[in-house]
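**Q** The chain contents come next:
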Amino acid sequence: MIEEQPVAGPYTHARTSISRTMGLVLLALLPATLYSLYLFGWPAIFLFGTTVLAALVFEAGSLRLAGKRVRPFLLDGSALLTGWLLAMTLPPWAPWWIGLVGAFLAIVIGKQVFGGIGQNLFNPAMVARVALLISFPLEMTLFNAPVPLFSAQAPGFLDSLAITFGQSNQLDAVSSATTLGHLKTELGRGVTLDTASGGVESLWQLTLGEASGSLGETSALLLLLGGLFLIYKRIITWHIPLAMLGSLALLATIFHLIDPQSYVGPLTHLLSGAAILGAFFIATDLVTSPVSIRGQLLFGAGVGLLVYAIRTWAGYPEGVAFAVMLMNACTPLIDHYLKPRIYGRDRKGEPLNYADERGEA
Amino acid sequence: MGAENLIKLFKIRGGVHPDDRKQLSAGQAIEALPMPPLLHIPLQQHIGAPAEPLVRRGELVKKGQRLARSQGAISAPVHAPTSGRIMGVGGYPAHHPSGLSVRTITLKPDGKDEWTDRLDPVYAPFSLAAEEIAQRVADAGIVGMGGATFPSAVKLNLRKRYALHTLVINGAECEPYLTCDDRLMREKPAEILEGVRLMARALGVARILVAIEDNKPQAQAAMRDAAKPFAEVSIVGLPTRYPMGSEKHLVQTLIGKETPARGLTADMGVVVHNVATAMAVHDALYLGRPLISRVMTVTGGAIRQPRNLHVPLGTPLSHLIDFCGGFKEEPAQLISGGPMMGQPLPSTRVPAVKGSNGLLALTAGESESAEEMPCIRCASCVQACPCGLVPLEMAAHIRAGGLDNSVKLGLLDCIACGSCSYACPSHIPLVHYFNFAKGELAARQRSQHKQGETKRLAEARSERMEAIKRAKREAMMKRKKEMEAKKRAQEEAKAAPEASDKPTADSGVEA
Ligand code: SF4
Ligand code: SF4
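Protein sequences, first through last, are from chains A and B. Sequential numbering of the first sequence, starting at 1271, is according to my numbering. Sequential numbering of the second sequence, starting at 221, is according to my numbering.
No lab work stands behind these hints, which were simulated from the structure alone. Fair warning: this is a prediction, and the values are worked out from it, not measured in the lab. Mixed in with the good hints there might be a few duds.
Stated by the list, open to error - Capping the alpha-carbon separation at 30 Å, the derived lysine-lysine pairs in DSS-like fashion look like this:
hint, chain 1, residue 1, chain 2, residue 2
1, B, Lys-658, B, Lys-628
2, B, Lys-231, B, Lys-448
3, B, Lys-231, B, Lys-477
4, B, Lys-658, B, Lys-477
5, A, Lys-1618, B, Lys-628
6, B, Lys-707, B, Lys-689
7, A, Lys-1618, B, Lys-231
8, B, Lys-477, A, Lys-1618
9, B, Lys-231, A, Lys-1503
10, B, Lys-658, B, Lys-231
11, A, Lys-1618, B, Lys-228
12, B, Lys-692, B, Lys-706
13, B, Lys-658, A, Lys-1618
14, B, Lys-689, B, Lys-675
As the list claims (entries may be wrong) - Stretches of chain B that chain A covers, calculated by requiring three or more beta carbons in the stretch to come under 8 Å of a beta carbon on chain A:
hint, stretch
15, 231-242
16, 482-490
17, 553-561
18, 582-588
19, 593-600
20, 605-611
21, 635-643
We treat Cβ as the ideally placed atom computed from N, Cα and C, and that holds for glycine.
Let the sequences and hints guide you as you build the complete structure.
**A** Printed below as a string of structure tokens:
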């Protein structure tokens, strides 16, 4: 008899690679990103560039320090994506060092310390965002209304350099609260929703992105299209986004129906804040979400629930980052307990039994 | 009726859609390969015990003559693919990645290709009893020709232990590149159906499903035509998806039930046989011919003229390659079987055997191989796995040496289909880990068995030693007593002493 010898088949392979996966995600983000950069003008572009570039530099540095080969890992596109996603969650006119510190937190603390790609427990961009929010609450919550590139109010190139890289008080002049932030403050003062919503953007504006907020929060429609593209390309499945948005909408509807004056309606929840960005691009982060379908449904539902809870009852008007990180922490547990059912076995792992139908002749 | 899909199909989980590249050879009609100058016929071309040679060096044999007889319940005989002289029985590289030497009969064809006069065709095989059909299939040396090479007669005798109702004929041919079953169904549908119906008779089942993937419309049409007169036969179109041809998944698609873990499809009353096997059964019963040749696909980007060939068993693969015009370019990989589950070949010297369905010579570009990267937990492998496993976790445990953990995760339920490796964007050789781990487990079991054996032997030995000691002691006592008795007797009667070693011989001591 010949001993069974391990050999590495198969000898054909799907045309997939990490860089293709990351590249498609970036492509899906591109329209929303470009539109947001247009809306917020030069300062946003500067900040975006700084963040992404810093992410790449930190990645290369960490790889070299860790003694890994820099080229294949830098080219896999994951650091670019992390920097990109982080930039999309920052206030567009934040100073440059926010992007720099954020990139450091994301790449070095959030990813490389865990052992590099695939090893991190938490979504690196969210680690950075949460850490920034706690450390620099002022800079991280100062939003401004969109002033599209080349429009009359838009700052010029040089002014913009000053906004991002210098000391400028121009921001205060144009700053305005985000929808959820505004509603939360007003509700906190005892104002009813009807009165409070007088000063906020219409849902239509939220959909198109003509509202104040971070880069990625603003254009729900383009982000949604990007997300659908990813599902179509089978980079992500529909389970996490649907479970997350579904549970968020469900909770919002229930509470809104109970007390419309104190609870914001489902559409506002879905279209504002980073809900869409979070559902399609952040919660679905491959590394930090569960691998089984049932696990993904639970994970998504958990994120939606936490987002609602944090937005409604906790101190932060936007809860996506916290919610995602909390569920990231649950991912190993979810993966452990919710495995797919093995072929030919029941959920408990026992072999299926057709004894009743099987006749022993 | 044998017409359209009358039966409802059920979905299986997972699977992948590899580029099938069947167009390379699908248009080539089956051609007979000229007899090579030497045939190397291994004694083991099947699962089970190797056959026992019946011929000696120098002997002249006729085509179809039995060269080696089956040994034990699970085994198969081997016959002469042509007439000629036996050059010897000895070691020759196996049709296996290891290329290890296995016992092989070398036959030098005499060019006359003369059949033995011992062939025993049956003119009305449907009048035979089920046992008789199975016996003839066993005598013809027929094994599962889809690659599993399990002796077919053993499967035909399953009726004795299971209540069977359906025979499924596997014409899925879901591996990319391979077209031998496709061609066989297009060219010999009537013969195949005769074989199929004979097998159904042997199994005692009334329902026959011939399942063919939808990427073979001509084969479907030919089989449908041929099946028209037979109400019990349905030709079923299957969605094109790998691994549709996996026995358990094929049956699930057709009847909607999963084969229990560690069980057989017979647990659900279904037996699966391959198209080429049905053809061989036809030849064995109608023509009395044993299994001495088979159809193989020789293809791949490196082959000049991809072809489907009718190959005498034992033909060195180099002969096939030469007949197909040789290599266009140096192949990066030579594979026996399809690209998903096929095995690399150590050299082109190895012979074609009963289970060889394809010979692939792939160029570097075709295999899409790339550098391995870390796992990004993308779950592509989880989605691709048709068995509901979590390949990334099993591989991680195996890599960390946690063999037992990987078994807990279902390692032994893995059918090694390769879908996970195929889909992995990080190009992690997942199946490689699984095969390695299964090999380790088998080795461990063997050594445990050995250890157990050694322990048992050692215990038996010390027991025997004890027994010897005891016996010696007893003998000594006895002798003493006897001596005393003797003394007394001598003293009393002064008689002659008698033999006293009898008890030692009785104590049951063996070397
Ligand atoms: S397909 Fe590869 S990279 Fe993706 S989870 Fe599985 S092993 Fe990891
Ligand atoms: S090789 Fe095993 S683990 Fe991989 S897809 Fe096939 S059955 Fe699943």
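**Q** All the hints need checking, so say for each whether the structure fits it.
**A** For each hint, the structure was consulted:
{"no.": "1", "hint": "Lys-658(B) <-> Lys-628(B)", "in the structure": "13 Å, holds"}
{"no.": "2", "hint": "Lys-231(B) <-> Lys-448(B)", "in the structure": "27 Å, holds"}
{"no.": "3", "hint": "Lys-231(B) <-> Lys-477(B)", "in the structure": "10 Å, holds"}
{"no.": "4", "hint": "Lys-658(B) <-> Lys-477(B)", "in the structure": "26 Å, holds"}
{"no.": "5", "hint": "Lys-1618(A) <-> Lys-628(B)", "in the structure": "12 Å, holds"}
{"no.": "6", "hint": "Lys-707(B) <-> Lys-689(B)", "in the structure": "26 Å, holds"}
{"no.": "7", "hint": "Lys-1618(A) <-> Lys-231(B)", "in the structure": "22 Å, holds"}
{"no.": "8", "hint": "Lys-477(B) <-> Lys-1618(A)", "in the structure": "18 Å, holds"}
{"no.": "9", "hint": "Lys-231(B) <-> Lys-1503(A)", "in the structure": "22 Å, holds"}
{"no.": "10", "hint": "Lys-658(B) <-> Lys-231(B)", "in the structure": "28 Å, holds"}
{"no.": "11", "hint": "Lys-1618(A) <-> Lys-228(B)", "in the structure": "29 Å, holds"}
{"no.": "12", "hint": "Lys-692(B) <-> Lys-706(B)", "in the structure": "20 Å, holds"}
{"no.": "13", "hint": "Lys-658(B) <-> Lys-1618(A)", "in the structure": "23 Å, holds"}
{"no.": "14", "hint": "Lys-689(B) <-> Lys-675(B)", "in the structure": "21 Å, holds"}
{"no.": "15", "hint": "231-242", "in the structure": "holds (count 4)"}
{"no.": "16", "hint": "482-490", "in the structure": "holds (count 5)"}
{"no.": "17", "hint": "553-561", "in the structure": "holds (count 5)"}
{"no.": "18", "hint": "582-588", "in the structure": "holds (count 4)"}
{"no.": "19", "hint": "593-600", "in the structure": "holds (count 8)"}
{"no.": "20", "hint": "605-611", "in the structure": "holds (count 6)"}
{"no.": "21", "hint": "635-643", "in the structure": "holds (count 4)"}
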